[in-house]
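Peer 1: Chain by chain, the residues run as shown.
Number of protein chains: 2
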Amino acid sequence: MSVYAIGIDVGGTNTKFGIVDANGHILEQDRTLTNEHENVQEFIDTLHDKLAPMIERAGGPGQFRGIGIGAPNGNYYTGNIEHAANLKWKGIIPLAHMVSEKFGIKVKVTNDANAAAVGEMMYGCAKGMKHFITITLGTGVGSGIVVDGKILLGHDGFAGELGHTIIRHGGRLHKGTGSRGCLESYASATGVRETALELLASKPDVPSLLRDYSINDLTSQSVFECAIKGDVIANEIFEYTGQILGEALANFIMFSSPEAIILFGGLTKAGDLIMNPTRQAMEDNLLQVFRNKVKLMFSELREADAAILGASALVWE
Amino acid sequence: MSVYAIGIDVGGTNTKFGIVDANGHILEQDRTLTNEHENVQEFIDTLHDKLAPMIERAGGPGQFRGIGIGAPNGNYYTGNIEHAANLKWKGIIPLAHMVSEKFGIKVKVTNDANAAAVGEMMYGCAKGMKHFITITLGTGVGSGIVVDGKILLGHDGFAGELGHTIIRHGGRLHKGTGSRGCLESYASATGVRETALELLASKPDVPSLLRDYSINDLTSQSVFECAIKGDVIANEIFEYTGQILGEALANFIMFSSPEAIILFGGLTKAGDLIMNPTRQAMEDNLLQVFRNKVKLMFSELREADAAILGASALVWE
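So the protein sequences, as listed, match chains A and B. Letter by letter, the first sequence follows residues 685 to 1001 in my numbering. Letter by letter, the second sequence follows residues 685 to 1001 in my numbering.
It is possible that some hints are incorrect.
Pairs involving identical chains hold if they fit within one copy or between any two copies, as the list cannot separate such chains.
[Unchecked claim] Each computed DSSO-like pair below joins lysine-lysine, with the alpha-carbon atoms no more than 27 angstroms apart:
(1) Lys814 - Lys859
(2) Lys887 - Lys834
(3) Lys859 - Lys953
(4) Lys977 - Lys859
(5) Lys859 - Lys790
(6) Lys859 - Lys774
(7) Lys977 - Lys953
(8) Lys772 - Lys811
(9) Lys834 - Lys977
(10) Lys977 - Lys774
(11) Lys834 - Lys814
(12) Lys786 - Lys859
(13) Lys913 - Lys859
(14) Lys814 - Lys734
(15) Lys887 - Lys859
(16) Lys734 - Lys772
(17) Lys834 - Lys811
The set of hints was computed from the structure by calculation and includes no laboratory data. Predicted model only: the values in this text are computed from it and were never measured.
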């Protein structure tokens, strides 16, 4: 009987992978630099070199139910990575096919945000929920939508690009896509940094600890550090970010009426600083029938493990 | 074998009902004024008085698979109408239970917009589609979302309130809900009338046929009549409405990645006047991966029949 899964999370910088049992316990894990590999075959060879001994230690390939991969623009239906902006490998890459050839194990692929949602459903705070949304607030804003206990894939496998929905008509330019006013332009680490630069520029007379940082060093982490010290501008940055995020969440709720929205990723380290204004704006913008019933919570999965767990969970679906 | 269904569409003004076969052929139909009935039991008695002879002519209750009802705030899970703003009957009404008691036939309830979506899936241009969205552009803006061939109901049965999603931050006040900038405030017949009044007021020097109407008589229909005569302001009204609707549709696509969006209701009579700017704005606001692949179309169901067909289709699901 196959008792293990391999989870692989392909990120723009790191690819993390590990051996996971059905209870979500990670037996072993390791990582490699994604874009160090000029072509995909070389990348897969590296994965195999590192994983093969782990597989042997776990009893050999026969013990494995499959390999789950979360990757940017990974398509569940086709098993391909399609035109991922942050990866070196361009065009359409038949990842599931190539990995399966190399390992002799069945492979499932989806995008990284969907993998995170599956991880929440199997091992996180969405356990037992049939309808929920995960929002990853990292360098960008990712999302995974679960409807009736299944990832919402849509007609072509690309559903759930909530970071790219427009929340401020004619608003901030998104350099990657050229769109204006999308959620990702505000509620990501990049967006928080941009809000900080805008507010510091527009309020030259308000003193702020943020002015002690060089523009190059100013990050969402600096904003957090200053905010907990009571810095006025830093606090205003989180208020503003939460306001926009909360409005967007209200729109998502009126679409799919989830039981919960689970926030994940770097920005959630700000805790109440981001949670309070987000929840307030979310409730304020909801139709009566949805008010005070959708749980808004932070993921409880360790960020280091969640990516591997989520990817591996595809195998057990 | 049961071969017929009863479809009942409860509207704010009229309730339409009829006997439908599995091919979507309406054998007989009739209507009654909804709010003429002070209480629900009286309303159900009227329905029974009018439907009983039709049921007999079709061979008696044994020939009927069930009764499907589309109603404002109708909840599929509970069979109740819950706090419908446009109905006289307040609070929570156990409609499915009451109708089933009276008729001795199984009853399914959903909201009117969801019923329209089911009708499109069984008898309309969404036949064979697994993922699509219907948007009803009437007095308000309703929506039905189909995911994996099933109406998206969400955790509590209230999913799909897309008319209430916010598309213009701090925008036009919605008198019914108190929200600002929701889609319904712009892309409904009511919204088009309001856009007309705003534009006429802000451009006093631009001549327009719309100024010949009394303000009371100015409707979305008047705007259409003037637009096809080449009236500049009337055309601008449709441009503006389509721009906002198209932006909203782009957001919906990035949520559920449907194969098609089907527009339905009074405003669609404007044809290309509304379709062209809507499609343009929709494509302009989509992430690359969704562009030029989502079908945007008008419903082909006759409006008079669609409500009854949609409600009856619940029975065959």
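Peer 1: With reference to the structure, classify each hint as holding or not holding.
Peer 2: Evaluated hints:
Neither within a single protomer nor between protomers do Lys814 and Lys859 lie at most 27 angstroms apart by alpha-carbon distance, with minima of 35 angstroms and 34 angstroms respectively. Proximity of Lys887 to Lys834 under the C-alpha cut-off of 27 angstroms is found in neither arrangement, the shortest distances being 47 angstroms within a copy and 51 angstroms between copies. In the homo-oligomer, the alpha carbons of Lys859 and Lys953 lie at most 27 angstroms apart inside one protomer (25 angstroms), although the nearest pairing across protomers, at 39 angstroms, exceeds that limit. Taking the shortest Cα distances, Lys977 and Lys859 sit within 27 angstroms of each other only across copies (24 angstroms), while inside one copy they are farther apart (36 angstroms).
Proximity of Lys859 to Lys790 under the C-alpha cut-off of 27 angstroms is found in neither arrangement, the shortest distances being 37 angstroms within a copy and 55 angstroms between copies. When the C-alpha separation of Lys859 and Lys774 is checked against a cutoff of 27 angstroms, the pair qualifies only within one copy, where the shortest distance is 19 angstroms, while the shortest distance between copies is 50 angstroms. In this assembly of identical chains, the alpha carbons of Lys977 and Lys953 lie at most 27 angstroms apart only when taken from the same copy (24 angstroms versus 38 angstroms across copies). Neither within a single protomer nor between protomers do Lys772 and Lys811 lie at most 27 angstroms apart by alpha-carbon distance, with minima of 35 angstroms and 41 angstroms respectively.
Taking the shortest alpha-carbon separations for Lys834 and Lys977, both the intra-copy value of 21 angstroms and the inter-copy value of 24 angstroms come in at or below 27 angstroms. In the homo-oligomer, the alpha carbons of Lys977 and Lys774 lie at most 27 angstroms apart only across protomers (21 angstroms), although the nearest pairing inside one protomer, at 43 angstroms, exceeds that limit. In this assembly of identical chains, the alpha carbons of Lys834 and Lys814 lie at most 27 angstroms apart whether taken from the same copy (8 angstroms) or from different copies (15 angstroms). For the identical chains of this complex, Lys786 and Lys859 are neighbours neither inside a copy (37 angstroms) nor across copies (61 angstroms), given an alpha-carbon limit of 27 angstroms.
In this assembly of identical chains, Lys913 and Lys859 lie within 27 angstroms of each other by CA distance neither inside one copy nor across copies; the values are 32 angstroms within and 42 angstroms between. Proximity of Lys814 to Lys734 under the C-alpha cut-off of 27 angstroms is found in neither arrangement, the shortest distances being 36 angstroms within a copy and 41 angstroms between copies. For the homomeric pair Lys887 and Lys859, the shortest alpha-carbon distance inside one copy (25 angstroms) is at most 27 angstroms, but the shortest distance between copies (36 angstroms) is not. Taking CA atoms no more than 27 angstroms apart as the test, Lys734 paired with Lys772 passes inside one copy only; the shortest distance there is 21 angstroms, against 69 angstroms between copies.
Taking the closest pair of Cα atoms, Lys834 and Lys811 come within 27 angstroms of each other both inside a single copy (13 angstroms) and across two copies (23 angstroms).
Hints 1, 2, 5, 8, 12, 13, 14 from the list above are not met by this structure, while the remaining hints are.
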